[in-house]
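Chemist: Now for the letters of each chain:
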Amino acid sequence: MTAESMNLIEFKKMFPGEDTAEKMYKLIERLYPICRSITGNGLRETLSEIQKHIPISVKEIPTGTKVFDWTVPKEWNINDAYIKNSKGERVIDFKASNLHVLSYSIPIQKKLSLNELKDHIYTLPDHPDWIPYRTSYYDEKWGFCMSQNQFSTLKEDDYEVCIDSRLEEGHLTYGEYVVQGRTRDEILISCHICHPSLCNDNLSGISLATFFAKYISRISNEHTYRFLFIPGTIGSITWLSLNEPDVSKIKHGLVIAGVGDSGKFHYKSSRRGDAEIDQASRNVLKHSGHEHEIVDFFPYGYDERQYCSPGFNLPVGCFGRTPHGQYPEYHTSADNLEFIRPVYLYESLLVCTAIAHAIDNNRYYMNQNPKCEPLLGKRGLYDKIGGGNEGQEKQLAMLWVLNFSDGNHSLLDISDRSGLDFELIKGVADLLVEYQLLNRKSERIPRGLPRG
Amino acid sequence: MTAESMNLIEFKKMFPGEDTAEKMYKLIERLYPICRSITGNGLRETLSEIQKHIPISVKEIPTGTKVFDWTVPKEWNINDAYIKNSKGERVIDFKASNLHVLSYSIPIQKKLSLNELKDHIYTLPDHPDWIPYRTSYYDEKWGFCMSQNQFSTLKEDDYEVCIDSRLEEGHLTYGEYVVQGRTRDEILISCHICHPSLCNDNLSGISLATFFAKYISRISNEHTYRFLFIPGTIGSITWLSLNEPDVSKIKHGLVIAGVGDSGKFHYKSSRRGDAEIDQASRNVLKHSGHEHEIVDFFPYGYDERQYCSPGFNLPVGCFGRTPHGQYPEYHTSADNLEFIRPVYLYESLLVCTAIAHAIDNNRYYMNQNPKCEPLLGKRGLYDKIGGGNEGQEKQLAMLWVLNFSDGNHSLLDISDRSGLDFELIKGVADLLVEYQLLNRKSERIPRGLPRG
Amino acid sequence: MTAESMNLIEFKKMFPGEDTAEKMYKLIERLYPICRSITGNGLRETLSEIQKHIPISVKEIPTGTKVFDWTVPKEWNINDAYIKNSKGERVIDFKASNLHVLSYSIPIQKKLSLNELKDHIYTLPDHPDWIPYRTSYYDEKWGFCMSQNQFSTLKEDDYEVCIDSRLEEGHLTYGEYVVQGRTRDEILISCHICHPSLCNDNLSGISLATFFAKYISRISNEHTYRFLFIPGTIGSITWLSLNEPDVSKIKHGLVIAGVGDSGKFHYKSSRRGDAEIDQASRNVLKHSGHEHEIVDFFPYGYDERQYCSPGFNLPVGCFGRTPHGQYPEYHTSADNLEFIRPVYLYESLLVCTAIAHAIDNNRYYMNQNPKCEPLLGKRGLYDKIGGGNEGQEKQLAMLWVLNFSDGNHSLLDISDRSGLDFELIKGVADLLVEYQLLNRKSERIPRGLPRG
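Residue numbers (the numbering used here), protein chains in the order written: chain A, 1 to 452; chain B, 1001 to 1452; chain C, 2001 to 2452.
Next comes chain A alone, as it looks inside the complex (with noise of 0.2 Å):
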């Protein structure tokens, strides 16, 4: 970011630094002892520590309701599971670590010898001393994670295995909050809720999100802008079946994810990959000094996968550092909450505030004075003794901006064709609109349609 970047100057302002990485990381250690899945309490608690930042409606979707080629699933709660050897002793414990119950475990209560209970035992050869985060969601089985090391020590004996979990009717829960715009144009920015102590794995996210959020209420937007925080996949399944006739309000969107580790930044393009949001997050992410990669859109990883199905093919993209599945600390006991650091996930919300501001600013002008250029020196807006070096940023920002807006060239693709940072290109917009210079395009390019 340049120092000419005014909006980023005001956030920071009202979100200063520290005081704001403290709290982005407090509210992930709120969250983590929680025991989240795809439907149950765990998703309750979460979106009520989350009230206590923003005021999202907590929404309550039947066990069964079907959406799309899906079926709300039973909801899934638990209070205690363990497993005793034959002198009572419990060797794993549901209460030290959530992962230790294969998440959906059906409820069981059964004496086992020890290769019995192999089958039902989940374990990181790779890394010895983590425990897996494994789920079942769709097939009702019952199972334990635990970590290699302990396994090794399991002798032959009978044991007492415990999962005090009910499977059953009840209700998907998410949660949803919309910041009115001037126009009904949306953002969506959507995060997954239904892991359980994983703090990279989207604590983070939500962090994110949440203060993302409180930031966006603050403030006057063009766009009207829509936060999920919804259980991965069936989450965003239930959400585009529930809404499908506004669907088509979504004119940008950002799934947010893995957003608190020290990797470099990862944006992946949505499946048109010439959207506004591709743009502006390969503008931004350019101009942040931070180590980044752009990716292709690939369908897997997160909801951007149901966004940007062919049906709905929705411009979302999907933000964060080292991508899923490329930290061996991924979907293990090892995501906790020393993996992450309060300085990187303020960074990366400082990076999605970014984006979404050259999103929300991003403008047709038409020069008012096509012809030639336009005297800046007579109106003050131009250094006045020549023959010097024309070196001046903003001067050159001016005349870009000026020789650009004829009505097919964006401020991101006048910021693009110029290397010249957005903020910058927006600010000087501003100082022609006020000379009379610029005017807004009456239309907008229709970007945001849907494409084959």
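Hint data in this document are derived by calculation from the structure and do not stem from the laboratory. Hints should not be assumed to be uniformly reliable.
Chain C stretches covered by chain A per the calculated footprint, using a threshold of three residues with CB under 8 Å from any CB of chain A [stated by the list, open to error]:
id, stretch
1, 2068–2074
2, 2235–2243
3, 2310–2318
Footprint (simulated), chain A over chain B, 3 or more residues, beta carbon under 8 Å [stated by the list, open to error]:
id, stretch
4, 1338–1348
5, 1365–1371
Backbone N, C-alpha and C define an ideal beta-carbon position, used for all residues, glycine too.
Fit chains B and C to the supplied structure of chain A, relying on the hints for placement.
Modeler: Below, chains B and C without anything else, positioned relative to chain A:
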């Protein structure tokens, strides 16, 4: 090729490696001694050998037939030729190598001094052991080709030259073999058969086309295949001229030449550059594991220069190993039975088969469940324990095919975009059709039509 | 350039190298002492020197004329200027260098202390020997420029400053020279003439344009050439304003500046980026054998910023060697007669000539024999002994021209696609027209029209 490559597995069952490689080579051994030119009995003998493998029709086009700007030339046949020294010894003998005579030499019987003789002798000073291959089809001349070393031994003497040839009204002979497919859309496979004892150029192409045709004739195909065994240039011009009304049936085509040497593969794109045959060839070569190079069209080379002349602009590329003129043995006696190897012939046949399969199986499908992903798990199409790394190629392939089967992406497009092997994509598409998640698009995107 | 480059051979006959190089340099020597600005007698003297070479018309536009957002300024003339110390010695004397006076300085005669004087002095601390070039056209000021070294010797004293200038109603003067071609489509050649004793910027451009015009006036051209010798910025704005109805005749254009230094060539593309002038310049520079760089359009620099303002968007690029601001001598007294060399001026003239030739000779042709190749041999256009390596550039060029003369590819397109020199392609096309194998396409693809 990956293990999933069912078509190639089937192919290899019908045409097992070592056995087929030997047979391909043996056909070349039989054809090698025949003295071929652009007309004459050598062509008839050659086609008659090929008929032992596939039932080609032999066509005879009379001398004088107008074919566009050209005229079918007189038929050339040769019985014997030699240069005798004053002792009556044959210092050059056509029977030792049919390369010794300038192809299309007019009959001559004459005594000459060494000096007079020189004007009619062709050698290769840079490769003093090799005999060059030279022709004079359209200018009535006579001449001899010999090694530079042999030429250097010729002393001042009275030489008797004799070329016992006939250049007279007759026919241009070519072979054609059509294998009907389910549609009238054609894939053209063309090779030139006019070179005398030269192995890579183009007995290798003749052998590949023969065995490829044999395979195609035994399987069921979407496309109709047309195999042409023609003299170079005049043959393709003649065929195009006599079959002009049917030319538009050709939707894809390959000229096959130089496929028996050890060099890396080359695919020369059609003039269009973006034809389906270009896409398929690039795709298959990329996944073949073989070193290869894709080159742009240029208007010289083999018969693609006629197929791709601007009045036809057919989607015909050229497939081979080391391109013509890029190996020193090209058009010399060193392009002999040692220069080519059975294993390279078979490798070339495999790649060629894979390209044809890709074309023949390239389809557009419609995802029957385009809004969000279908639930693959309930259909047994997906791993049931989630949370682990998604890494299974086949499952990813399913997601790619589902997401991009929107009527705008063919299977080749999806293979290109995903980086996954075409045969894997194709196999998965078949599976999804079986599970009613995919339907073939009723109308095909008309990519095969002529373009500007 | 290849030996086939007939046009350049002709050019070199008329304008032989050493001789022309010297003449170009001599013109600069004569123009060097004149004190030019954006108006005034210096311009008249300059144009009068140029008139000794080519019959340009001199235009006089009155002060106060409205030209778009600008107004033709008062005319500035200067007789003398100096700074005298208390001993009456001229420590700065305009007669020693016309760079000593801030261009457009208002008249002044006054005594000042060193401290008061300082505010009116411009130096270059980084290059203490050089005098900077500074202007104040649109803000009424006075000032002196001097070397930092000289400035450092000035002691506390009472100084008498005198600028004997007049800034009053008068005219803006420019030169125009039109060479009629066979069509009314125009090629614009524009150079600025407003700088005082600065050689590369832009006496070099003036000299090149003069000799280029002299050549153009002696040959027959398809296009009408318009040469403008104008003061920078206000000159092009004035011309565009007064000639607005005729601007659309300009189909191609070059701004010429900085063509006498030893640096590599630079071509700055037009705002469109894909105009024919862009293609021709890229093509010619690629084949020129000279180091060069193609840069995208940016909206500052020379008069192309006016020609390429969005209301005109003319296909005008900028041709030169080292770009403005990228050499330390730029806009200083070091841009003198030693900084430029005759040989570089002539090289630049040659490249510029080749670009103009490419534009003037770029055509679309129709192959009269588009189905298969024509038989070149029977027309004596092809080597008669086949079988050897096809390697003759001219024969390949014939095949390229024939294959791509389908009405969609211009000769420049064919040169680009084949990688063969434009002059070779053009020569071969002429030959094929002569042999009735090619006809000029009746209608030209209208590439020169304004685009969005």
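Chemist: Each hint needs a verdict: does it hold in this structure or not?
Modeler: Comparing the hints with the structure gives:
1. 2068–2074: It holds, with 3 qualifying residues against the three required.
2. 2235–2243: With 4 residues in contact (Cβ-Cβ under 8 Å with chain A), the coverage given for the stretch 2235–2243 of chain C holds.
3. 2310–2318: holds (count 4)
4. 1338–1348: Per the Cβ count (0), the hint is violated.
5. 1365–1371: Check passed, 4 qualifying residues.
Violated hint: 4 only; the structure is consistent with all others.
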